[in-house]
Amino acid sequence: MNKVPAKPLNEKDLARLEELLDAVPAPLEPLDVSMLDGFLTGVLLQPKAVSNHLWTPYVLDAEEGRKPPDGFDAKPLLELVKRRYQELNAAIAGRQWFDPLVFELEDTDNPSEILLPWVAGFALATEIFPDLMRQDAASLLEPLASIFMHLDPEDLEDADELLEEIESLEPPKDLEEAVEGVVSACLMLADVTRPLKEAPSSGKQPRRVQPKPRRH
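When we follow our numbering, the leftmost residue of the sequence shown carries the number 8, and every step to the right adds one.
A portion of the hints provided could be inaccurate.
As the list claims (entries may be wrong) - Straight-line distance between alpha carbons at most 25 Å, and here's what the computed SDA-like set of lysine to any residue pairs gives:
{"no.": "1", "residue 1": "Lys89", "residue 2": "Lys180"}
{"no.": "2", "residue 1": "Lys82", "residue 2": "Phe136"}
{"no.": "3", "residue 1": "Lys89", "residue 2": "Glu113"}
{"no.": "4", "residue 1": "Lys55", "residue 2": "Ile135"}
{"no.": "5", "residue 1": "Lys55", "residue 2": "Glu70"}
{"no.": "6", "residue 1": "Lys19", "residue 2": "Gln93"}
{"no.": "7", "residue 1": "Lys74", "residue 2": "Arg90"}
{"no.": "8", "residue 1": "Lys82", "residue 2": "Val57"}
{"no.": "9", "residue 1": "Lys180", "residue 2": "Thr115"}
Said to hold, decoys possible - The following label-pair restraints were derived from C-beta to C-beta distances:
{"no.": "10", "residue 1": "Leu148", "residue 2": "Pro75", "range": "33 to 41 Å"}
{"no.": "11", "residue 1": "Glu183", "residue 2": "Glu26", "range": "35 to 43 Å"}
{"no.": "12", "residue 1": "Leu170", "residue 2": "Lys19", "range": "35 to 43 Å"}
{"no.": "13", "residue 1": "Glu18", "residue 2": "Pro178", "range": "24 to 32 Å"}
{"no.": "14", "residue 1": "Glu113", "residue 2": "Leu176", "range": "39 to 47 Å"}
{"no.": "15", "residue 1": "Glu26", "residue 2": "Pro137", "range": "28 to 36 Å"}
{"no.": "16", "residue 1": "Lys74", "residue 2": "Glu26", "range": "38 to 46 Å"}
{"no.": "17", "residue 1": "Asp167", "residue 2": "Pro32", "range": "21 to 29 Å"}
{"no.": "18", "residue 1": "Ala97", "residue 2": "Leu170", "range": "16 to 24 Å"}
{"no.": "19", "residue 1": "Leu170", "residue 2": "Asn59", "range": "30 to 38 Å"}
{"no.": "20", "residue 1": "Asp162", "residue 2": "Lys204", "range": "31 to 39 Å"}
{"no.": "21", "residue 1": "Glu161", "residue 2": "Asp114", "range": "37 to 45 Å"}
{"no.": "22", "residue 1": "Gln142", "residue 2": "Glu26", "range": "31 to 39 Å"}
{"no.": "23", "residue 1": "Asp143", "residue 2": "Thr115", "range": "34 to 42 Å"}
Read the hints as simulated data drawn from the structure, not as lab findings. Each residue gets a CB set at the ideal place from its N, CA and C atoms; glycine is no exception.
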């Protein structure tokens, strides 16, 4: 029997997800919604599938993946998280566009500042699960530069080649262009770490949907 695809998160689900993340008790430091989305993408771009029990602790505690205190029920939160995980997985596996969960800010329209939480979550995944970064460096350079260009250069120590590639890139003129660059880079990384078994016989290119950054 074919598995029924997970229902994509709607605006009500996203509001509930944010509420549940905010309710994670101290001393745990949960990811916020945008960081979570980047983190899930980084997990899904690993060359070998990462088991749920390895990545879910970092949703609740980005610092160390600590266990929640007794009595805290993480199930409702993780159910929503796994629905988003499945949604992203389907898009990446099919080389389809996906809308990163990024939120416009009141005090800036700088694309890099808006994308920073998402990219930070992605970077966290590559730090915890480093297999992605161990793939062929030449193949990774361009897409990683398109993602990590939104980080502070000081956060990219000992990455001279990557910094050089970033400096060669034209900064995006607006958020839409920045989102397009990040999603395209993720699909390029998928070609490296999750290559398709065979090219589509129709020769058609993957569908490209106009990105629609979500508003907070």
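How the hints compare with the structure:
For the hint linking Lys89 to Lys180, the alpha-carbon distance of about 33 Å lies beyond 25 Å, and the restraint is violated. At roughly 23 Å between alpha-carbon atoms, Lys82 and Phe136 fall within 25 Å of each other, so this suggested pair holds. Among the hinted pairs, Lys89 with Glu113 is inconsistent with the structure: their alpha-carbon atoms are about 30 Å apart, more than 25 Å. This hinted pair checks out: Lys55 and Ile135 have alpha carbons roughly 14 Å apart, not beyond 25 Å.
Note on Lys55 and Glu70: the hinted pairing holds, with a Cα-Cα distance of about 23 Å set against a maximum of 25 Å. A threshold of 25 Å between alpha carbons decides the hint, and for Lys19 with Gln93 the separation of about 18 Å falls inside it, so the pair holds. Using a Cα cut-off of 25 Å, the hinted pair Lys74 and Arg90 holds, with the two alpha carbons roughly 21 Å apart. With a C-alpha separation of about 19 Å, the suggested pairing of Lys82 with Val57 holds against the 25 Å cut-off.
For the given pair, Lys180 sits about 14 Å from Thr115 by alpha-carbon distance, which is consistent with the 25 Å threshold. For the pair Leu148 and Pro75, the beta carbons lie near 38 Å from each other, so the given range of 33 to 41 Å is met. A C-beta distance of roughly 28 Å is found between Glu183 and Glu26, which places it outside the suggested range of 35 to 43 Å. Against the hinted window of 35 to 43 Å, the Cβ-Cβ separation of Leu170 and Lys19 comes to about 41 Å, which satisfies the hint.
Distance hint check: the CB atoms of Glu18 and Pro178 are about 30 Å apart, consistent with the given range 24 to 32 Å. Distance hint for Glu113 and Leu176: a CB-CB separation of about 27 Å, inconsistent with the stated range 39 to 47 Å. A C-beta distance of roughly 32 Å is found between Glu26 and Pro137, which places it inside the suggested range of 28 to 36 Å. At roughly 21 Å, the beta-carbon separation of Lys74 and Glu26 lies outside the given 38 to 46 Å, and the hint is violated.
For the pair Asp167 and Pro32, the supplied restraint of 21 to 29 Å is violated, since their beta-carbon distance comes to about 42 Å. At about 34 Å, the beta-carbon gap between Ala97 and Leu170 misses the expected band of 16 to 24 Å. At roughly 34 Å, the beta carbons of Leu170 and Asn59 sit within the given window of 30 to 38 Å. Take Asp162 and Lys204: their Cβ atoms lie about 36 Å apart, and the range 31 to 39 Å holds.
Between Glu161 and Asp114, the C-beta spacing of about 22 Å breaks the proposed range 37 to 45 Å. Against the hinted window of 31 to 39 Å, the Cβ-Cβ separation of Gln142 and Glu26 comes to about 37 Å, which satisfies the hint. Between Asp143 and Thr115, the C-beta spacing of about 36 Å keeps the proposed range 34 to 42 Å intact.
Of the numbered hints stated above, those contradicted by the structure are hints 1, 3, 11, 14, 16, 17, 18, 21, listed in ascending order.
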